[in-house]
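With the sequences and hints as input, model every part of the structure.
Chains E and D are the protein sequences, given in the same order.
At position 54 of the first sequence the residue is numbered 436 (this note's numbering), and the sequence of numbers has no breaks.
At position 34 of the second sequence the residue is numbered 17 (this note's numbering), and the sequence of numbers has no breaks.
Just so you know, these hints were derived from the structure itself, not from any lab.
Mixed in with the good hints, there may be bad ones.
[Stated by the list, open to error] Below, a list of computed lysine to any residue pairs in the SDA-like style, where the Cα atoms sit at most 20 Å apart:
1) E/K502 - D/M(-14)
2) E/K502 - D/R1
3) D/K232 - D/I244
4) D/K229 - D/H82
5) E/K520 - D/H2
6) E/K520 - D/T292
7) E/K518 - D/R1
8) D/K222 - D/S206
9) E/K520 - D/D218
10) E/K502 - D/A(-13)
11) E/K520 - D/S(-5)
12) E/K520 - D/K232
13) E/K518 - D/S36
The model shown is predicted, which means the values in this text are computed figures rather than measured ones.
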Amino acid sequence: MIRLTDINRVFQVGDQQVHALRDINLTIDNGEYLSIMGPSGSGKSSLLNILGLLDNPSSGEYELEGEVVTHLSDEQQAVIRSTQIGFVFQFFHLLPRLSAEENIALPMMLAGIAAAERRKRTRKILDTLGLTDRAKHKPEQLSGGQRQRVAIGRATIMQPRVILADEPTGNLDRHSGHDVINILENLNQQGMALIIVTHDPELGERAHRKIRFVDGAITVDTGSN
Amino acid sequence: MSMAIVDMLGFSVGAIIRHPLRATLMLLAISIGVASIVILTGLGEGARRYVTSEFSSLGTNLLIVIPGKTETTGTALNIFSGETPRDLTLLDALSLKQHAQVHRIAPVVVGAANVSWQQLSREAPVLGSNSELLELRNWKMARGRFLPGADNTRASAVCVIGSKLRQELFKNENPIGKKIRIGDRQFRVIGTMASGGRSIGVDVEDIVIIPTVSAQNLFNTPSLFRILVEVRSRDALEKVKQHIIKTIKARHQGEEDVTVISQDAVLGTFDRIFTSLTLTVGGIAAISLTVAGILIMNIMLVTVSQRTTEIGLLKAIGASQHQIQSLFLIEASLLTAVGALAGIAIGYISNLFIHYMFPALDNMAPVWAVAAAFLLAVCTGLIFGAMPARRAARLDPIQALARR
Ligand SMILES: Nc1ncnc2c1ncn2[C@@H]1O[C@H](COP(=O)(O)OP(=O)(O)OP(=O)(O)O)[C@@H](O)[C@H]1O
Ligand SMILES: [Mg+2]
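Written out as structure tokens, the structure reads:
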């Protein structure tokens, strides 16, 4: 479970203060499927970054599975990112020098999981993603949809509790966008919480819970259940 | 939660070979630094070995008496008062024979003169001494006899010549009994030296040896260059040394104006001189590693700025700052370690080549210098890689992943 209490995020740009998030209070249960929509610059990515512990709030408290994680050390936050959170980005962010399977195995390598175990898990996930015959391909040899599938494989290989997807279909055509969403929804059905930021209304509607952001604040929350 | 070393290495190698030119540049910088340490310390060590082997050929039970007082404060005073040391004479030398522990005494006069036979003529080193020199220096005769008389205080016009000189003057003729001209005097050849043997930089194959007094007459000097004293046993060296100083002092109106050195002392001195020389040139070469270090730092900074997205991504999937820093440090030290190994190889090959060109120089770099060069190079990589690695670790992942 995720609980955000009075979260603010203020960026200092020169002598100007940019209020990216204002007094966010939000509770997300395990296994929820949630979409975040809103105009550009409204703070959607900022929220995702805080949820994924890539960024710390300027004020407020973030509680994850009953533990306050806001003031943990970098080392401890890294462990949480590694084991509990999976990121999926609009621009895939695959390492170009690594093959599809190596990209997927990267989080396990960082976590110090043995090579044999890595191979076993990677093979399984490649199979469910329909990428087995692309295992040795470099990202540049893959289509956009395939790249995003590899990225999803990488995000979920450590069996995280939450998947944070920031415009996962933003760079894909309609067809591969659907594929990607199907895969993500499948993972959600298996129990991972899925939080999708999107500009696509149709996609946003698919989520069970819809949140709307304007100017750093939540204006609409269709609520749980 | 820590990455396995092999994985770190594999990851770094993967990153390095993506930019072969950059990697080559870093390898080159480091290997040049390390190779120059290996080559320069090799030369220093070679020079040291050369000189010490020259002196160890003197024999271990040897004392050398040279005119002039050194090693005490008296030296400085002498220099300022303008006093010159009294000459060492042949009689001084012969007086040293009294001591029971003294086995042999050889006075030495050195100079150079024109040596000629028939039309052939050349400049050669001339050594004045007595019959004892042969045994004392362990030299071997090829033909004939060595100089006569241990206590010879008279000139006689006989000489012994080195094998190379014999070859040059006489070709295949038998020189024994022939009269050669040394300077403006005639000397009869009574023997020739076997090849081999060196004596403090003088090639025995190249010299003419004549009786002490003949040499003194030839060079018009009453003094000796030095006196070689062979002591019966090593234990008696110090006792004989004191005896020599006392005896000469008594003969020189109470003036202590000679220096007696043993081979150990000479060796020790040269050893110190050349070791510090080696350290100095090695140190200078090590400075070139600093230059390489600065290059590494710049290249690593470029690398970090080009890989911000990668760094941000690694953080997003669970890498800690510490892990990112380690990855970049490993990359830097991997490059420097490989560069250092290449440098050691280059240095060794260069040393072999130099040795091939100058066989007398045994210029193998000392192991400590090679090890130090390697460690220094890796430390350079770590030190100069630290700043870029820290910059990578502190990088803001949001900015890196944003692509605004
Ligand atoms: N690192 C930063 N430094 C300064 N300002 C920032 C930074 N990151 C975000 N902002 C500002 O915070 C506000 C929210 O940005 P955010 O990226 O969260 O918006 P968004 O809703 O994701 O927009 P988009 O739909 O365009 O992705 C914006 O005004 C943005 O300029
Ligand atoms: Mg955004």
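We went through each hint and held it up to the structure:
1. E/K502 - D/M(-14): holds, 18 Å
2. E/K502 - D/R1: Measuring from Cα to Cα gives roughly 28 Å; hence the hint is violated.
3. D/K232 - D/I244: holds, 16 Å
4. D/K229 - D/H82: holds, 12 Å
5. E/K520 - D/H2: holds, 17 Å
6. E/K520 - D/T292: Measuring from Cα to Cα gives roughly 17 Å; hence the hint holds.
7. E/K518 - D/R1: Status holds; Cα separation ~17 Å.
8. D/K222 - D/S206: violated, 25 Å
9. E/K520 - D/D218: violated, 79 Å
10. E/K502 - D/A(-13): OK: E/K502 and D/A(-13) at ~18 Å, within 20 Å.
11. E/K520 - D/S(-5): With a Cα-Cα distance of about 18 Å, the restraint between E/K520 and D/S(-5) holds, given a limit of 20 Å.
12. E/K520 - D/K232: Not OK: E/K520 and D/K232 at ~91 Å, beyond 20 Å, violated.
13. E/K518 - D/S36: Outside the cut-off at roughly 63 Å; violated.
Of the numbered hints stated above, those contradicted by the structure are hints 2, 8, 9, 12, 13, listed in ascending order.
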